[in-house]
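Enquirer: All chains, please: the whole structure from these sequences, using the hints.
Read off the chains here:
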Amino acid sequence: MPINYIFPQFEILRDQTRCIKCRVCEKQCANEVHRYDDDYKIMIADESKCVNCHRCVALCPTSALRIIKNPHSFRENSNWTSDTITDIYKQASTAGVLLSSMGNPMSYPVYWDKLLINASQVTNPSIDPLREPMETKTFLGAKKHVIKRDDKGNIISNLSPQLELSTPIMFSAMSYGSLSYNAHESLARAAKNLGILYNTGEGGLHEDFYQYGSNTIVQVASGRFGVHKDYLNAGAAVEIKMGQGAKPGIGGHLPGAKITEDVSKTRMIPIGTDAISPAPHHDIYSIEDLNQLVMSLKNATGFRKPVIVKIAAVHNVAAIASGIARSGADIIAIDGFRGGTGAAPIRIRDNVGIPIELALAAVDTRLRNEGIRDNVSLVVGGSIRSSADIVKAIALGADAVYIATAALLALGCHLCRTCYSGKCNWGIATQREDLVKRLNPEVGYQRLINLITAWTHEIKEMMGGMGINSIEALKGNRFMLRGIGLNQKELDILGVRHAGE
Amino acid sequence: MRYVIIGNSAAAVGAIEGIRSKDKKGSITVISIESHHTYSRPLISYLVQGKTDRDKMKYRPDSFYEDNNVNAILGRRVVKIIPDMSSVILDDSSAVEYDKLLVATGSSPFMPPIQGLNDVKRVHTFMTLDDAVNLLEIINSQSRVLILGAGLIGLKCLEAISGKVASVTVIDLADQVLPSVLDKKSSQIVKEFLEKKNVDIRLSCSIKQAYENSALLTDGTQISFDILVMAVGVRPNISILKAAGAYADRGIIVDHQQHTSIKDIYAAGDCTQGYDMSIEKNRVLALLPNAYMQGYTAGLNMTGEEKTFDTGMPMNALSLMGMHILSAGVYEGEDYTEEKEGKYKKLFYSQDTLKGFILVNDIDCAGIYTAMIRNKTPLSSVDFELIKQKPSLCALAKERRSNLLNGKETW
Amino acid sequence: MKKIKVNEKWCLGCHLCEYYCAFANSGIQDMVKALKDMQIKPRLRIEQNDKISFAVSCRHCEDPICVKSCISGALTIKDHVVCIDKQRCIGCYTCVLVCPYGAVLPSEEGAVRKCELCTSRSDSKPACVQGCPNKAIELVEV
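Chains as they are written, first to last, in my numbering: chain A, 268 to 768; chain B, -19 to 391; chain C, 2 to 143.
These aren't lab readings, by the way, just hints derived from the structure by calculation.
As the structure is a prediction and not an experimental result, all values here were calculated from the model.
Treat the hints with care, since some could be wrong.
[Stated by the list, open to error] Within a straight-line C-alpha distance of at most 16 Å, the following computed EDC-like cross-link-like pairs (lysine to aspartate or glutamate) qualify:
{"no.": "1", "chain 1": "C", "residue 1": "K79", "chain 2": "B", "residue 2": "E(-3)"}
{"no.": "2", "chain 1": "C", "residue 1": "K10", "chain 2": "A", "residue 2": "E452"}
{"no.": "3", "chain 1": "B", "residue 1": "K31", "chain 2": "C", "residue 2": "D86"}
{"no.": "4", "chain 1": "A", "residue 1": "K308", "chain 2": "C", "residue 2": "D38"}
{"no.": "5", "chain 1": "B", "residue 1": "K38", "chain 2": "C", "residue 2": "D31"}
{"no.": "6", "chain 1": "B", "residue 1": "K287", "chain 2": "C", "residue 2": "D51"}
{"no.": "7", "chain 1": "B", "residue 1": "K388", "chain 2": "C", "residue 2": "D64"}
{"no.": "8", "chain 1": "A", "residue 1": "K288", "chain 2": "C", "residue 2": "D38"}
{"no.": "9", "chain 1": "C", "residue 1": "K79", "chain 2": "B", "residue 2": "D47"}
{"no.": "10", "chain 1": "C", "residue 1": "K37", "chain 2": "A", "residue 2": "D282"}
{"no.": "11", "chain 1": "C", "residue 1": "K6", "chain 2": "B", "residue 2": "E379"}
{"no.": "12", "chain 1": "C", "residue 1": "K52", "chain 2": "A", "residue 2": "D701"}
{"no.": "13", "chain 1": "C", "residue 1": "K10", "chain 2": "B", "residue 2": "D363"}
{"no.": "14", "chain 1": "C", "residue 1": "K10", "chain 2": "A", "residue 2": "D282"}
{"no.": "15", "chain 1": "B", "residue 1": "K378", "chain 2": "C", "residue 2": "D31"}
{"no.": "16", "chain 1": "C", "residue 1": "K52", "chain 2": "B", "residue 2": "D363"}
{"no.": "17", "chain 1": "C", "residue 1": "K6", "chain 2": "B", "residue 2": "E389"}
Expert: Right, here's the structure in full:
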């Protein structure tokens, strides 16, 4: 290349006095960055290939490596940032749509960080979670508006099917194909152990994982990959994917390189073909159509399983949710604009959709106002990063949360955002056998269990601090939140007062 | 139960450990012609060389006899075995009675009939600790040494003294060094290696006539020396057992449980002619690992526990002035040979099994080859091409390998 | 008793176990000082070809052939662990000749090298088990 428009984003700093030339960095980098030079007898690195995944740094036994941002810079410009300029160079060269992975990294406001949680003091004392029982269990599904009793006074139980969660956290949809087999095994086993659920994503359910069916949500997406009768009946619930927070309005794309024999079998498509999911479900163009699909799925599963409808958080999400709540769906899952993805066009991921905090508040308020809040449970996702985010989400009105990026981080992801290349060095977002090996489900599932256990414990602590002892009592309890640094409009939409009030 | 063992080297120690693994109470008596605490015979050359000392070369710690409740009668020779009276007679006319007897008398250096041998001023053998101590006392920086025999003992003696004397010459009747261990090509490599270290080796050569300080060799040359070391071979010490009526050939014939043909009498070690699996016949295998295993097996059988040892085979591990030579099995069948930069490998195989091998310097993981011979591993069940390149567990089938590395199976 | 269990399914061929083993048994506190600019001397070895890799270390057999064959009595079995007295070993390599796993490693220092389950170190868990990033080497109770 005679003119080098794109300069390497990262620089690799190696402390040569510490380097013992064990060559682990060379062996473990799928991007072939590190090399041993036989003549100079030292390790050298080609930083142009580095994606900053930290695999080498994490494994170096003498901590000899650091990856830093390449200090080579353009003239400072708040408008024309170096990323913006480089994107234009790339498109001038390739004429292509720019792709990236994982969630929106732009600096839009993070409303979780502008909400504060209450604590009890003096009157209405806190509850000590180490001494009192704290109920983190929750049930997802349509609830009845009225309680009917028989002539003996006993409650007539005619509840539609519910999902029982030991803690209000579920693993969100990540397809087999975008994720490795070992990643799925880790998620499935952790879900089973914790008493929560994980989601197959649109890649179908691998036959080896049918054994975890009672902890699985099977997804039906617009491409209908892997959907057949046994599939629908294998899980505890069926989720119709109408949209995804990272890329609202468009479909999914898994490059042919990632469609291995196993992925092809699970998805029911030929090996090596690109798996493209269309933008809309071509049989759903109205709420009535959605109702039809919901009913056929319920019929196919004998009315034993709740149906979830997953939508992306977009401008009129409240109206859409209202329609879905009347369509017979039991649970609405809303995915905010910070949600992750295996691959999405950068412009869509970074500019389309709205924050989940606002979407959640808007939907919860709208459904309550229309008197149909009980028709559905609300599950939200799109960058739930900590137990504090979960507490705030539930206080805003969610029944439970979906986590995905956080789960991958627990498995070893370093958010390098190059999943689309298929060379995930941590064995998570790849189908290459030699890389998938790196994620041992024995290690992975334990880390997931550790994370959720820790979060659940923290949730109990925060609830206890508020003087609340169950998720039910926290749900929609907006009085437990105060905003900070928010303008009146934001406070109104969120339905919370400002701190100090 | 009275266990009596004639001998105090590897086979005897093996027997003691075998017996004690099952019977802590029975009495064990060891009778040895040597007066030393059990020592490792192969280490005598290292003693002369200065690489070990009298203490470190003990085959077992000082407390061995005490820890195992053994009555050691050292420095006494057994002159007669009387099976009908279940007793042995010592050279001081005392008798020791036994319920079970193990004969582990080992072997002795063979003295070939050489004209004028009796005239030679200083003749040494190189077998026992006393031999080594005597030799060490005699040699000095002016000594000229002639070693008769370029086999294992002769070459180890050479290694031991080459830095300490003025000159060493090694002669052998055979046309190659280490005639019982190596093939032509590998022995050539060894010879060249030794000659680079200024060792004088003359093959197809022997002593025609010996004098006080010199000899006339069969090639017509005359050689002067101060010390003559006889290292032409060993003969099993079978006389007392043979006199007692045991079935013997070159060595005492034993079965897979180390029984001799006389009831309650067992034999183990260099004095026996036990089963050699590489030729499927009985053969004298004068090797320490074999001696120990036979001794241990004999010990167990003496306690009444039935145990078989049928995997004896020739094997050698020789380190010689920095060169390492490992070999095992029998050199028959098809062969695969590889030679490069001072490394030599030859594998012998037939009937779908590995039969033997010779390795010079390319010795990593040789035990895997040995295990394949011992286990008669079918070559069709492993990746033989890989095995030819280097011995590796990768060549085994996945399930077998997994079971081996997870304790579910042993070789 | 504890034994090392090796799972070739999870071995990444990264060789970190060899480095951690060599460091742990070097007697030097600092890893860089212990291993820089030298041929490392681990007590286990990685077997590797295109597709598979796994660690091989002494199996501490109940009936160890190496102990029985050792000509100097340097190899002994103590509390189910096969140990080597380096002072007694004269580097004849008989153990290399007989070990069916190829677990005894030749060494330029004379005495051979082999795993002793880190029993002579104060740290309770073997260095290879601790150092493996993917749980391909585990210590199990049998």
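Enquirer: Hint by hint, say whether it matches the structure.
Expert: We went through each hint and held it up to the structure:
no.: 1; hint: K79/C x E(-3)/B; in the structure: holds (14 Å)
no.: 2; hint: K10/C x E452/A; in the structure: holds (15 Å)
no.: 3; hint: K31/B x D86/C; in the structure: holds (15 Å)
no.: 4; hint: K308/A x D38/C; in the structure: holds (10 Å)
no.: 5; hint: K38/B x D31/C; in the structure: violated (37 Å)
no.: 6; hint: K287/B x D51/C; in the structure: violated (43 Å)
no.: 7; hint: K388/B x D64/C; in the structure: holds (15 Å)
no.: 8; hint: K288/A x D38/C; in the structure: holds (8 Å)
no.: 9; hint: K79/C x D47/B; in the structure: holds (15 Å)
no.: 10; hint: K37/C x D282/A; in the structure: holds (13 Å)
no.: 11; hint: K6/C x E379/B; in the structure: holds (14 Å)
no.: 12; hint: K52/C x D701/A; in the structure: holds (8 Å)
no.: 13; hint: K10/C x D363/B; in the structure: violated (19 Å)
no.: 14; hint: K10/C x D282/A; in the structure: violated (33 Å)
no.: 15; hint: K378/B x D31/C; in the structure: violated (38 Å)
no.: 16; hint: K52/C x D363/B; in the structure: holds (14 Å)
no.: 17; hint: K6/C x E389/B; in the structure: holds (12 Å)
Checked against the numbered hints listed earlier, the structure breaks hints 5, 6, 13, 14 and 15; every other hint is satisfied.
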